[in-house]
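Residue numbers (the UniProt record's numbering), protein chains in the order written: chain A, 1 to 325; chain B, 1 to 298; chain C, 1 to 323.
Worth flagging that the hints you see were computed from the coordinates, not collected in a lab. Every residue, glycine too, gets a C-beta built ideally from N, C-alpha and C. Where hints are given, some of them may not hold.
Computed beta-carbon distance windows for the label pairs [what the hints assert, rightly or not]:
#, chain 1, residue 1, chain 2, residue 2, range
1, A, SER266, C, SER154, 33 to 43 Å
2, B, SER142, C, ARG89, 47 to 57 Å
3, A, VAL17, C, MET308, 49 to 59 Å
4, C, GLU112, B, MET23, 39 to 49 Å
5, C, SER62, A, GLY272, 42 to 52 Å
6, B, ARG18, C, ARG302, 26 to 36 Å
7, A, VAL294, C, SER154, 28 to 38 Å
8, A, ARG292, C, LYS16, 53 to 63 Å
9, C, TYR157, A, GLU68, 30 to 40 Å
10, A, LYS21, C, GLY276, 48 to 58 Å
11, C, LEU85, B, MET23, 32 to 42 Å
12, C, GLU112, B, LEU219, 37 to 47 Å
13, B, MET23, C, ARG89, 28 to 38 Å
14, B, LEU136, C, TYR18, 42 to 52 Å
So these bits of chain B aren't anywhere near chain C, every CB distance computed over 10 Å [unchecked claim]:
#, residue
15, LEU148
16, SER151
17, TYR238
18, TYR277
Heads up, simulated DSS-like pairs for lysine-lysine below, C-alpha to C-alpha not over 25 Å straight-line [stated by the list, open to error]:
#, chain 1, residue 1, chain 2, residue 2
19, B, LYS202, A, LYS87
20, B, LYS188, A, LYS107
21, A, LYS87, A, LYS118
22, A, LYS264, C, LYS242
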Amino acid sequence: MSKTVLQVNHLKTYFTVDKRKNLFVRAVDDVSFSIDQGEIVALVGESGSGKSTIAYTIMGMYETSGGEIIFDGEDIANKKRTFDFKKKAQIVFQDPGSSLNSHQDVKEILSLPLKVHKVVKPSQLETKIIETLDRVGLSEDFMYKSPTAIGGGEKQLVSIARALCSNPEFIILDEPTSNLDVSIQAKIINMLLKLHEEQSLSYLFITHDLSLVRNISTKVIIMYLGKICEIANTEEFYGNPHHPYTQMLLSAIPVVSEEEEQLKPSRIRSTGEIPSPVNIPKGCSFNTRCHRAVPLCFEEDPEMIEVTKGHFVRCHLYGKCKPEL
Amino acid sequence: MENQGRIHKNTFMKESTRENMRMYWYKFSRNKLSVLGLLLVISSIVIAIFAPVIAPFPQHVEAFVDYNNASLAPSSTYWFGTDIFGRDILSRIIFAFRGALYMSIIVLAIAVPVGTLLGLIAGYFGGWFEVVIMRLTDIFLSIPAIILALSIASVLEPNLTSSMIAVTVMWWPWYTRMVAGMAKSYSKEYFIKNAELIGASKFHILFREILPNCISPILTKMALDVGWVMLIGATLSYCGLGEQPPTPAFGQMISDGSKYMPDLWWMTIYPAMAIAYIILGFNLLGDGISDMFNKGRQ
Amino acid sequence: MTNELLSIKDLEVWYKTYRGYAKVVNGVNLTVNKGEKVGVVGESGCGKTTTMKSILRMNVQSAYVNSGEILYSGENILKMNEAKLQEIRRRDIAMISQEPSAALNPVFTIGEQIRDVIRYSDTKKKFTKEEMQSKAIDAIKSVMISDPERILASYPYQLSGGMKQRICIAMGLVVPRNVLIADEPGTALDVTIQDQIHRLLHNLVEEKDMSLIMITHSLGVARELVDRIHVMYAGDVVEVAKTDDLFKKPLHPYTIGLLDCVPKLSGGGISEGIYGYVPSYINPAPGCRFASRCPKATQICREQKPSMTSVDAEHSVACFNYQ
Chain A
1 MSKTVLQVNH LKTYFTVDKR KNLFVRAVDD VSFSIDQGEI VALVGESGSG KSTIAYTIMG
61 MYETSGGEII FDGEDIANKK RTFDFKKKAQ IVFQDPGSSL NSHQDVKEIL SLPLKVHKVV
121 KPSQLETKII ETLDRVGLSE DFMYKSPTAI GGGEKQLVSI ARALCSNPEF IILDEPTSNL
181 DVSIQAKIIN MLLKLHEEQS LSYLFITHDL SLVRNISTKV IIMYLGKICE IANTEEFYGN
241 PHHPYTQMLL SAIPVVSEEE EQLKPSRIRS TGEIPSPVNI PKGCSFNTRC HRAVPLCFEE
301 DPEMIEVTKG HFVRCHLYGK CKPEL
Chain B
1 MENQGRIHKN TFMKESTREN MRMYWYKFSR NKLSVLGLLL VISSIVIAIF APVIAPFPQH
61 VEAFVDYNNA SLAPSSTYWF GTDIFGRDIL SRIIFAFRGA LYMSIIVLAI AVPVGTLLGL
121 IAGYFGGWFE VVIMRLTDIF LSIPAIILAL SIASVLEPNL TSSMIAVTVM WWPWYTRMVA
181 GMAKSYSKEY FIKNAELIGA SKFHILFREI LPNCISPILT KMALDVGWVM LIGATLSYCG
241 LGEQPPTPAF GQMISDGSKY MPDLWWMTIY PAMAIAYIIL GFNLLGDGIS DMFNKGRQ
Chain C
1 MTNELLSIKD LEVWYKTYRG YAKVVNGVNL TVNKGEKVGV VGESGCGKTT TMKSILRMNV
61 QSAYVNSGEI LYSGENILKM NEAKLQEIRR RDIAMISQEP SAALNPVFTI GEQIRDVIRY
121 SDTKKKFTKE EMQSKAIDAI KSVMISDPER ILASYPYQLS GGMKQRICIA MGLVVPRNVL
181 IADEPGTALD VTIQDQIHRL LHNLVEEKDM SLIMITHSLG VARELVDRIH VMYAGDVVEV
241 AKTDDLFKKP LHPYTIGLLD CVPKLSGGGI SEGIYGYVPS YINPAPGCRF ASRCPKATQI
301 CREQKPSMTS VDAEHSVACF NYQ
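Can you build the whole structure from these sequences, using the hints too?
What follows is the structure in structure tokens.
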């Protein structure tokens with residue numbers, strides 16, 4: 001049994017829209033999951049599902065409205081993040097252009113975490129930077145380059161190198177490749193997987209690309225409007241997707257071969273728009289778009305149900321309204 | 001554009017700097033007016049530095065009277081004519097460049113760092129810092145600049161120093177406001193978030209992350225402001241509040257000359273043209289600098 | 001071919017930069033037949049958008065066409081006078097951009113913007129208000145939006161991204177067009193919404209018997225939508241094939257590499273990607289532009305530019321390995 005790096009229990013992050021009318025955006029609503037050491041957990045959802053909000057809440061950029069975040073055995077929800085946390089947990093943002101300061105060169109960017117966390121002696125700074133660049137597959141020529149002079153993929157590699165500088169045990173990757181071309185994506189993902197194997201790092205991988213998740217993660221979490229719809233181990237998840245939303249997502253993926261076409265759930269036409277998070281429908285939040293909705297779905301929010309071991313679904317069809325077979 | 005190939009280790013640093021310089025020059029020189037502005041500014045600076053060498057009659061700058069040659073129209077000896085005391089206008093103009101440039105440099109050297117620092121603090125920290133600093137800025141900006149300067153300059157002794165103090169006091173709020181806006185928007189950028197999450201100090205974030213990004217707009221504004229400071233300085237000296245006679249200053253020369261318009265037109269027109277020359281130069285240069293730092297594809 | 005509607009011949013577009021000319025589009029050939037759906041697939045910076053913008057002469061000032069021609073029903077668009085070009089833009093060819101929020105003017109209602117499109121589609125004819133309104137309503141209905149009146153009266157910021165993209169499509173199709181150029185219409189949207197938009201485009205184009213040029217970076221999207229695919233790399237079209245052929249039997253090493261990189265739903269890990277990076281467009285090396293990254297490159301690839309060779313009737317490739 002490997003140790004749990006991060007445990008999130010009933011996490012809530014609400015944003016106030018109008019204090020007097022008591023209007024909130026429930027960006028993250030009652031979310032629980034855990035990440036073990038050496039695990040790659042994929043957090044999948046569309047825009048407004050709250051997947052990035054979870055990441056930012058874990059990192060302490062937002063205040064929590066309820067629940068616990070247990071990191072290394074300690075509840076850190078609504079506490080100022082310690083120096084130790086800042087060393088052990090890192091985040092890589094989606095937009096490589098904006099996450100690097102264009103007025104610094106790569107050496108300066110990478111020195112910051114090394115200096116702040118006193119990873120190496122000042123005299124060995126340069127050696128360490130070259131070593132870190134090498135780990136992400138960049139040559140030492142990059143040291144004196146400005147982020148404006150390198151391509152998007154290389155920028156993201158520099159971001160990852162910066163995250164690695166403080167020898168973290170947990171990295172949140174917030175859509176690290178969704179702005180990049182597939183050939184570059186392949187390089188970055190392979191590099192991330194290699195690092196993961198070498199150092200048993202744990203990743204929380206945020207993405208919207210289910211075919212990418214298939215190839216990298218150990219566990220998949222599907223989110224919709226701030227709530228988790230489905231959690232399962234990757235094999236189980238792709239073999240047996242339960243939630244109607246998951247099925248819709250899977251069938252919307254454009255694929256490149258006949259073989260993959262077979263794996264998609266029988267074509268479910270995606271319909272409707274994602275409702276605004278301010279105005280989440282009553283009952284199950286997916287009821288406006290669900291093709292299998294039953295009357296109860298408009299009345300009552302379903303509970304999380306464990307269908308098979310480790311496979312949780314939040315849907316009435318697997319609980320109260322299980323169709324008779 | 002994607003980068004290509006590897007550049008050899010020993011040369012790439014110089015290579016990239018040279019590359020940057022070439023790019024900046026390309027962007028700057030695309031507008032020929034910017035190049036003209038640069039020439040005007042360089043010539044003004046050269047004139048100011050070498051004034052004693054260039055001026056045909058350097059002694060005319062001090063208390064000097066030569067009634068035999070008073071009020072002469074432009075001629076081959078006195079290119080821009082002489083004033084009612086017989087002093088050479090050209091020499092006095094050349095020395096007036098000195099005072100004008102000196103004043104702008106001192107004013108900006110004080111106003112820019114002060115304004116920038118306050119702006120960084122207000123923009124990044126927000127909260128009470130922002131409220132206090134920005135309201136203070138608003139107060140200064142709400143008083144018409146020239147009136148503020150006139151009143152300060154008249155309370156103090158009328159000389160170059162007090163007019164410089166007056167102009168400095170009205171100048172910093174512009175920088176505070178500009179930098180605060182930029183700092184506020186940068187503090188939402190991911191590279192600032194990253195620095196915070198890594199645990200960088202506030203000092204590092206303010207001066208190593210945010211400030212370098214604000215440099216190019218500050219430089220652009222400074223180049224434009226040199227001209228404006230001169231203009232305000234000339235206005236003050238026109239009102240008798242700047243440099244005191246006999247030291248030459250543009251405003252004071254124009255003011256003296258205007259009494260004898262239109263008969264002794266050269267006493268007014270040439271100093272006015274000199275102001276126009278230098279201000280035009282700095283304005284065109286400012287535009288060029290702003291083009292130069294303009295992001296986007298070449 | 002007789003029903004050839006639009007054809008691009010040896011188009012070269014160069015950008016002026018401080019380091020010299022960037023040869024971004026390097027002799028592109030592309031034909032679109034009547035009622036055909038054509039895909040242009042390539043990674044960012046391969047010149048696909050520049051090529052498409054040249055069709056309506058909408059490129060930025062620093063880009064200019066060095067050589068080549070673009071024939072639209074027999075006439076060269078690049079040599080046309082402004083008035084003629086304006087006619088084509090108003091009536092014949094529409095373009096849908098990647099960023100729907102940037103394509104709509106935030107200070108006018110959707111209705112006003114659609115009515116403008118109708119008004120200018122025929123400058124000689126005077127449309128009455130009712131006529132325009134009913135045409136606009138039809139257009140909105142055709143993109144599967146349920147209450148057209150409310151949408152016509154709303155401003156762009158009141159609508160979601162998917163909705164805005166539908167409006168853009170409606171604007172493109174409110175006047176009967178011959179060609180629709182769609183520049184990554186789904187890229188900025190969520191997966192499920194993207195799926196809806198693509199399906200909508202597909203159905204509308206079939207229904208109205210228009211030609212579609214679909215620009216995309218995703219082979220999967222192209223596979224679902226178009227009949228024939230042009231694969232572009234670094235300013236060159238490297239392979240042209242019927243969609244099925246391309247996926248069953250990709251020939252060009254770049255196409256093979258690209259297909260390999262796409263993460264598969266069937267799992268099995270991710271390939272190593274394509275070695276190296278896209279070469280510079282300024283003073284490019286002679287020869288095939290893919291040579292520096294190509295696993296099969298030989299001496300000749302570095303010296304000469306391969307020309308398009310037909311492998312069979314509908315499948316051609318620009319690679320020395322097949323000559």
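Verification of the hints:
1. A:SER266 / C:SER154: 33 to 43 Å: holds (36 Å)
2. B:SER142 / C:ARG89: 47 to 57 Å: holds (50 Å)
3. A:VAL17 / C:MET308: 49 to 59 Å: About 58 Å separates the Cβ atoms of A:VAL17 and C:MET308, which means 49 to 59 Å holds.
4. C:GLU112 / B:MET23: 39 to 49 Å: Because 42 Å falls inside the window, the suggested range holds.
5. C:SER62 / A:GLY272: 42 to 52 Å: Distance hint for C:SER62, A:GLY272 holds at roughly 43 Å.
6. B:ARG18 / C:ARG302: 26 to 36 Å: Once the Cβ atoms are compared, 28 Å apart, the range 26 to 36 Å for C:ARG302 and B:ARG18 holds.
7. A:VAL294 / C:SER154: 28 to 38 Å: Since the Cβ atoms of A:VAL294 and C:SER154 sit about 33 Å apart, the hinted range of 28 to 38 Å holds.
8. A:ARG292 / C:LYS16: 53 to 63 Å: Given a distance of about 58 Å, which is inside 53 to 63 Å, the answer is holds.
9. C:TYR157 / A:GLU68: 30 to 40 Å: holds (38 Å)
10. A:LYS21 / C:GLY276: 48 to 58 Å: About 57 Å separates the Cβ atoms of A:LYS21 and C:GLY276, which means 48 to 58 Å holds.
11. C:LEU85 / B:MET23: 32 to 42 Å: holds (34 Å)
12. C:GLU112 / B:LEU219: 37 to 47 Å: Once the Cβ atoms are compared, 42 Å apart, the range 37 to 47 Å for B:LEU219 and C:GLU112 holds.
13. B:MET23 / C:ARG89: 28 to 38 Å: holds (35 Å)
14. B:LEU136 / C:TYR18: 42 to 52 Å: For C:TYR18 against B:LEU136, whose Cβ atoms are near 43 Å apart, the range 42 to 52 Å holds.
15. LEU148: holds (38 Å)
16. SER151: Check passes; 44 Å lies beyond 10 Å.
17. TYR238: Since the minimum Cβ distance to chain C is about 44 Å, B:TYR238 lies beyond 10 Å and the statement holds.
18. TYR277: holds (30 Å)
19. B:LYS202 / A:LYS87: holds (17 Å)
20. B:LYS188 / A:LYS107: holds (23 Å)
21. A:LYS87 / A:LYS118: With a Cα-Cα distance of about 10 Å, the restraint between A:LYS87 and A:LYS118 holds, given a limit of 25 Å.
22. A:LYS264 / C:LYS242: holds (24 Å)
In this structure, every one of the numbered hints holds.
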